[in-house]
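Use the sequences and the hints to build the structure in full.
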Amino acid sequence: KGKSRVTFFAPGSFYVYVMGSYNHFVPPEDYYYSLGYDSADAFAPVVGLGYRVLNSRDRFFISLEGDYRTAKYDFGSFTRGQKIDLLTFMANMEASFTSRFPMIVFLGMGVGIHRLPDLSYENSQGEIIPQDDSLTVMTLDLGVKIPISRSLFIRTEFRWNGEVYGDSEYYYDGSWDSEYNNT
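Residue numbers (the numbering used here): 2 to 184.
Careful, some of the hints might be misleading.
Quick list of simulated restraints, FRET-style, between CB atoms [stated by the list, open to error]: (1) 40 / 124: 20 to 26 Å; (2) 157 / 130: 38 to 44 Å; (3) 6 / 39: 48 to 54 Å; (4) 52 / 114: 15 to 21 Å.
Simulated from the structure, these hints should not be mistaken for laboratory data.
Think of the CB as a built atom: it goes at the ideal place given N, C-alpha and C, for glycine as much as any other residue.
See the structure below:
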C-alpha cells in the first residue's frame, strides 16, 4: 500500500519572511477629527512568521501567518507623523505550479489590527485630547512566491484591509431613513 503524501504540521514547516510594503490608509469616519478626510501613503518594513499546517503532495498548502508593520503617515496639512501599527493574522491557501518557471500562488483571508497610538484631536475649547485607539479590519491577500533556492523565496503580494460592520446602524436603510425624517 502506498504511503500518503499529505502531511500535517510537518517538521521544517516554520518560516520567517521580511518584506518592504507600500501602505495606503484611508481614515474611517470615526477618525476625521484626528486625521482629516484625506488618505495617506507610507512605506513600512514587514516582519512575519508562518507555518505550513497542511502539505498535500508538495502541490497544495495551507499556511497560518502573522506579521507586523509600522509606519508614519502624513495626512496632508491636517496632521503629520501619525504612527500606525498593523498586526495581521492570516490563513493562506497556496498552490505550487511546476513548469519551466516554478512559482507558488497564494490567497488568504484573516484579521488585522490597526493600532493608532498618536491619535489626538482638538476639542471646542482648543485643548488637545490624546487618544490611543485600535481598529479591527478584515484582511484579504493575493500573491506569488518564486523559489530562489530550497529555503529562499522572493515574495510579492497585494493585501487589502477593510472594515466590516456588524451593527445595523452602519447600513443605509431607506425605511429607517424615512422614519427618522418623520420624527
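How the hints compare with the structure:
1. Take residue 40 and residue 124: their Cβ atoms lie about 25 Å apart, and the range 20 to 26 Å holds.
2. For residue 157 and residue 130, the Cβ-Cβ distance of about 41 Å falls inside the hinted range of 38 to 44 Å, so the restraint holds.
3. Taking 48 to 54 Å as the suggested C-beta distance range, the pair residue 6 and residue 39 conforms, at roughly 52 Å.
4. Roughly 20 Å separates the CB atoms of residue 52 and residue 114, a value that falls within the hinted 15 to 21 Å.
When held up to the earlier numbered hints, the structure conflicts with none and fits them all.
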